[in-house]
Amino acid sequence: MTLDPNNNRIANQFNRDGKLTHLLTLEGMPKEQILHILDTAKQFVSITAPNREVKKVPLLRGKSVFNLFFEDSTRTRTTFEIAANRLSADIINLDIPRSSTSKGESLMDTIDNLVAMQADIFIVRHNISRAPIEIASHVPDYVHVINAGDGSHQHPTQGLLDAYTMRHFKKDFSKLKVAIIGDILHSRVAKSNIHALTTLGCNDIRAIGPESLLPSDLAKDLSSLGVKIFHKVEDGIKDSDVVMTLRIQKERMDQGQVPEGAAFFKHFGLNRERLAMAKSDAIVMHPGPMNRGVEIDSAVADGNQSVILNQVTFGIAIRMAVMSIVVGK
Amino acid sequence: MNAEPLYQDLLKHLQEGLFKQASTSAVHLAGLAIGGAWIANRLSQDLGIKQYGVINISFHRDDYAEKGIKAIETANTMPTHLPFDVNNAHIVLIDDVLFTGRTVRAALNELFDFGRPAQVSLMVLADRGERELPISADFVGKKISLPHSQILVLEQNTSNQFDFQIEERS
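Those sequence lines, one after another, are chains V and D. The numbering used here puts the first sequence at residues 1 to 329. The numbering used here puts the second sequence at residues 1001 to 1170.
Treat the hints as calculated values from the structure; they're not laboratory data. Each hint should be verified, as a subset may be incorrect.
[Stated by the list, open to error] No farther apart than 20 Å at their CA atoms in a straight line, the calculated lysine to aspartate or glutamate pairs in the EDC-like style are these:
1) Lys238/V with Asp297/V
2) Lys55/V with Glu1016/D
3) Lys56/V with Glu1073/D
4) Lys279/V with Glu260/V
All of these numbers come straight from a predicted model, not from anything done at the bench.
Put together the whole structure using the sequences plus the hints.
See the structure below:
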């Protein structure tokens, strides 16, 4: 697939009536819409109440959801699958490496064929930024596209589940101090989080990382959103309510862009000593997958301030909410 | 319209019937959100029973395709809460108004997601008739006939007294 690198088309995720019909980005999404998704997700959390024997509802019965993951994923793909199952939708996982795409079929031809198979929702992860936006503008208006991570652009359901997690544990966004540590440059999670948090009224976001991962042009963009930039964890983590560490992508380390694992851990890894500088009731988040001993110490990852596994659980409810909202009229 | 006499009739019916003596099997009240839950709450106090359930039908509504996510919005304000074992119990569904029967159908589905009751009864303050499904109530406070364009809305004042308002469907 080829994409025009200068294509700055705004993701058109709302239909003519202003209803969310695709979920492509959290950039520019109105506060009411984000809160509506978080409120809807809260309802779906109740489906897993211990005394509910049938942990499934019939809302999307008869709908077909296609998981189109052009990039590896375990958590996101699986939680979308569970979410679709709990809504009684039929979920089809495409084995991309063995599919027609690998035989040379173009992406849009693949999409057209799946539409002809009566697909209702595409969950798309792609290594190319904005690929889900291209797909959304290609499909007929009764088909819905959910971005499950595109390049270094956006990961909206992760941003939403992180916002849900913070709201669950900390309630009021306007008083939150949020520290995001690590590979901000390559992180679609960081971008989606920053957009969601600023919209939700959080006005103290700190981005912490080495200069190689927070270069001046990115730092400028972030500053314009009100994000404060730090190059030392000790400076940025002070008094924070939420400490989010991001995965350092090992594949990039070989290229000398960032210090190697142990060196990164020494300067930027979240350990007990650094966490102690945050508020004593601060929560620790990580979108996964974690590299223990690189961006986070095991004692912190498994410690009593960690809500990393809560994030995974809430992710199912968020994905149920997004699917039922885009499909509903 | 004052709904207090209808409530008192329902209370008396339960006092003299299901709740007269310690029943052999468990009997539990489950009010349908939102009006039915108010009634079940007050019944539980007047009958001196410790707990009552709430059933929210949102996840089983049959108009999701038509109304979308708006159809399930009440689940947030009053979610299903059944603080007792549904299995092998006698569940008394309580609602303010019985009309097409679609709400009761959805409530039965929601209830059965929590287990297999021994018996389910339905008791309502008002029955508007005009059923669209084969459903009937075991107790009806009053039969009320209204044009389709109007809805019967239960209200509860600060001293917990019930009242029915007739409103135009929007």
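Results for each hint:
The suggested pairing of lysine 238/V with aspartate 297/V holds, with an alpha-carbon distance near 18 Å, which does not exceed 20 Å. About 37 Å separates the Cα atoms of lysine 55/V and glutamate 1016/D, which puts this hinted pair outside 20 Å; it is violated. Straight-line distance between C-alpha atoms of lysine 56/V and glutamate 1073/D comes to about 18 Å, which keeps the hinted pair within the 20 Å bound. In summary, the hint linking lysine 279/V to glutamate 260/V is not supported, as the alpha carbons are separated by about 29 Å, beyond the 20 Å threshold.
In summary, the structure is inconsistent with hints 2, 4 from the numbered list given earlier, while agreeing with the others.
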